[in-house]
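Novice: Letter by letter, the chains look like this.
Number of protein chains: 4
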Amino acid sequence: MHHEYKPSKYYFTFGPCEPALRLRAGDTVETATVDAGGQDRYGNPVPDEMLQSSRETEYYKANPLVGPFYVEGAEVGDALVVEIEKISLNRETAYSKILPNFGSFTEEGPGMRLLFNKPLDEVRYDWSLDLAKKTGLLIVSGKRIEVPLDPFIGSIGVAPRFGRHETSLTPGEYGGNMDCVETKEGTTLYFPVFVRGGYLSFGDVHAAQGDGEICGVALETTADVRLKFGVLKGKGIEWPRFENAEHIMVAGSARPLMAAFKIAHLEMVRWLVSDYGFEANDALQVLSQVGTCRIGNVVDPNYTVVSKFPKKYLS
Amino acid sequence: MHHEYKPSKYYFTFGPCEPALRLRAGDTVETATVDAGGQDRYGNPVPDEMLQSSRETEYYKANPLVGPFYVEGAEVGDALVVEIEKISLNRETAYSKILPNFGSFTEEGPGMRLLFNKPLDEVRYDWSLDLAKKTGLLIVSGKRIEVPLDPFIGSIGVAPRFGRHETSLTPGEYGGNMDCVETKEGTTLYFPVFVRGGYLSFGDVHAAQGDGEICGVALETTADVRLKFGVLKGKGIEWPRFENAEHIMVAGSARPLMAAFKIAHLEMVRWLVSDYGFEANDALQVLSQVGTCRIGNVVDPNYTVVSKFPKKYLS
Amino acid sequence: MHHEYKPSKYYFTFGPCEPALRLRAGDTVETATVDAGGQDRYGNPVPDEMLQSSRETEYYKANPLVGPFYVEGAEVGDALVVEIEKISLNRETAYSKILPNFGSFTEEGPGMRLLFNKPLDEVRYDWSLDLAKKTGLLIVSGKRIEVPLDPFIGSIGVAPRFGRHETSLTPGEYGGNMDCVETKEGTTLYFPVFVRGGYLSFGDVHAAQGDGEICGVALETTADVRLKFGVLKGKGIEWPRFENAEHIMVAGSARPLMAAFKIAHLEMVRWLVSDYGFEANDALQVLSQVGTCRIGNVVDPNYTVVSKFPKKYLS
Amino acid sequence: MHHEYKPSKYYFTFGPCEPALRLRAGDTVETATVDAGGQDRYGNPVPDEMLQSSRETEYYKANPLVGPFYVEGAEVGDALVVEIEKISLNRETAYSKILPNFGSFTEEGPGMRLLFNKPLDEVRYDWSLDLAKKTGLLIVSGKRIEVPLDPFIGSIGVAPRFGRHETSLTPGEYGGNMDCVETKEGTTLYFPVFVRGGYLSFGDVHAAQGDGEICGVALETTADVRLKFGVLKGKGIEWPRFENAEHIMVAGSARPLMAAFKIAHLEMVRWLVSDYGFEANDALQVLSQVGTCRIGNVVDPNYTVVSKFPKKYLS
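These protein sequences, in sequence, are chains U, D, V and R.
With my numbering applied, the first sequence closes on residue 315, and no number is skipped along the way.
With my numbering applied, the second sequence closes on residue 315, and no number is skipped along the way.
With my numbering applied, the third sequence closes on residue 315, and no number is skipped along the way.
With my numbering applied, the fourth sequence closes on residue 315, and no number is skipped along the way.
Just chain U, same shape as in the assembly (with noise of 0.2 angstroms):
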């Protein structure tokens, strides 16, 4: 069954909110997603009531989140199935920004402002974007700097483990703020299901990106989206797993950025133990000769990276 969703409210956190739809195994969804800033395809601010903060926080108001998604028969154990099948960018612009407390040039600590140092100065970037030629435009320092376009989905995840709700900055075991260069059209995601019907969110589409994300903003702009939801009954998955023609992969998210590695190649071991009849240590050895590694993050709350590991060495 086929859904058009147009969405009446954005979260800022993944976790089990009321859900947007509840879907079936074999369901596509097709929405709109508004920029990290909440900027719609117009460039028009999402309305102040459609931002949904929780009670009366003060939330922090960065990317606004679509869903979340229920999907029926989705029980804690299983893993929830994303197929990415459309990313279609429909706004002639991305802006990008240098923050003063943002960024990978900053200190490591959440809430780690700078005393002694003055804070960088805020710059915005304004890119423009040719949808037919699919590239960037940016004119800097008297250069013209023109980008291949490789749009992807910045955050995406579902509720996290122990029924935690977690802001939409921070990717961890759940996926979310990943801002990783890989989850785009094209590719299945596999979630660990922590609550029953997974209640999938995403949002935050990014035009292009660099390894790491290193200045914390990337091309941010917006797209037209349509996912495929599945479920795989009893498939006890410890981390995001993605998957394309030619790849799987693996996405752990932590600090230090050495956890998120470690993670990341754990469980990629365990997925070629488990799944495709390696030993433990010749999956090891493998993995060390053929794998590469991308750097999604390194200035959100957590960092990820990817594992990867090429689906002709499986068969």
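These are calculated hints, taken from the structure and not from any lab test.
These numbers come from a predicted model, not from an experiment.
One thing to keep in mind: the hints can contain errors.
[As the list claims (entries may be wrong)] Taking lysine-lysine and the BS3-like style, the derived pairs with C-alpha atoms no more than 25 angstroms apart in a straight line are:
1) K312(D) / K97(R)
2) K134(U) / K312(V)
3) K143(V) / K312(U)
4) K86(R) / K184(R)
With chain U held as given, fit chains D, V and R onto it using these hints.
Specialist: Chains D, V and R only, in chain U's frame:
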């Protein structure tokens, strides 16, 4: 006004849940905590229906919390004041454990179970507490280890920033499971108010603990606790602060450990500048020469470091 | 001038030892490396008397190095230029290992053997190399794993800052055991000169390796190598830089991993500013959107991260 | 046998350099140290020709070291015993500094100067020492800060493992620049012998210092120091150990900070098991409840953490 409070339910989350009581500045509350494993002063488990799991989710059942206490007049931007007037141990036993996948000698990442190494064997240690002599006794390796009791509240905090709901296992900018020996009788705590009312919760009393809680479990027991509440209007603090007769203190909680260290010391410099007439450079210089620090825990999802500054240098 | 160099001794240290040859800018050297375990192209161990231990000390015998090569005219503050003109594998076998106390799934600290967990069992893997087809073959877990060969020099560097002598296992500001797949044929390397003459040493050729060298050992083998030397006067660089047809690159080596990441990317911003006409903010913005990165190793005493910037955006 | 030693040269490296004296077990040495900036008890700089730079290299001139002292009979695998019999301050001034690119509020990486943030301004602080009252005085921010003196040796260590030569700024498995308040008069130090003779060097006396040495510079001054040397044959230790009347201690030095913490505590568990009759699990349990820890420094190329175990639990 004084309140005797007998808990009817226990939460496993810091966050703006249904208040246990609504208090005014100046009120005191006396209540009893259960141990980290959910057993009361008689060694009886808390009935399941009193364990407040969030809807249909599986909840991690460690550190059941009493509260939350809503304090009238505590607004975002204020500091919530909590004086620990009494921690009176009320059980003659405490337990500790070595656990297969928890503690500072396992890997750092959440969920990073060791694949290639056999996990530790679980071992339980039962300490006898002599409440009159104020000592704890353990007989191991043919030795009689008798330690002085020094009880403190392991987990105490307010609703987190951004309206998040955090598991009772995690410390952060809201306090929480800091597992830090300084939150003891006679100490006053100051928490940032992130959500109107503050929503203070606490539990997890330890009869004694070393720095870092390195095996992951202290002398876990139960106590009668009396707290006095207050509000400092407009006192914009960013992390928990403590004060006793000898020291002012700041608790930073983050990963990696160095981030927790920097947070605690940077917030201490801010405090010395804002309240005690130091120039920033001079505050850094004097803190460098007279400051001491305690490591609360290096085992929880965030680590906790406490910066201590002797009050004799404040006049 | 071209030099055919047949080593008479091998060092286990980067540092200003007795030069193997004194070269001039423009000179080329062709020589042969032995493998990380000290065996030559015929599988014979290097005679003990050729292994250069420092006086009466016990020396850790991994990664025997050829050199050091003293380059006339290379002064402190210059950059030493090393073009890798050829890496020609010359043995039909490579070995790898899983080791009890080395690799990314052991603890992070140097010398941190696991006390509570049983260490990994040592396992040796022998790969067959088809030098004509340029493939390596391993049969494990009932599978035939055939990988493309992509040889590179694992350890290459100059004498460290402050006249230190560093073990051949450690990478740093002087290059060294970066174990990074980018130091391959066709790439030009730029090293800071910390000691007059530069004192370049190298060895430890790998026939192939994945990102991070996660088990701690790549496809260890031997090769004929030809290097061309040059000097850039007054080129004050702080970390090794690489360049090939597609990218300019910087290698940062440090612990924790995030420090290596920041070093590489910050030095890349400096390069974009000093040589390519970018304003600092603009360099950070463009690098954030088009930069990629490779993780060299996460197993050596320092970890190595390589920041890569596409040359097409430099014009 | 007692030796009065007047240094004729100072080294900036730990490593097997030309010995200052050859000693036997049981010998004592009395000598005088200069301060971290190379000035003697009269405030005069050490003449350049006495500063031992290695051949033609530029040397980083911090922490000039007295020594190295070669101890006959100290073989690889033994422990070198060093009793600090006396640290007698002999100058009425100590200096400290805030530095642009050093200290815990700059970045973590070696050489990671901030590009985007203006560095700290250099500030010098001159403390007056009252050697009779044993106090130090600084007048800043309109306050009179008078602190008790608690002198210790900032840098003391043997030749590193693998015959490396390490800069006098770096602590490690050989001790070195631990900047840890526990290496004071009345304490006995045990170092692993990595090179025959041990080659003990020391310097950099601090009149007082807080935990972490957070601004990067303590109360830097000069002292008369008397050490007594011994050898424990076949005492295979891996990291420096200390002992005073109250505690046995282990100093771990590494990055990240958590690695230093783990090293110190794991080696402490090993010590409790090998010498004091604890089972490993029991040692971990008791250390978890009664252990304390001091952070030596968080500013040097490796950080130092000291695990402390009270001797009253050893009988």
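Novice: Run the structure past the numbered hints and jot down the numbers of the failing ones, going up.
Specialist: none
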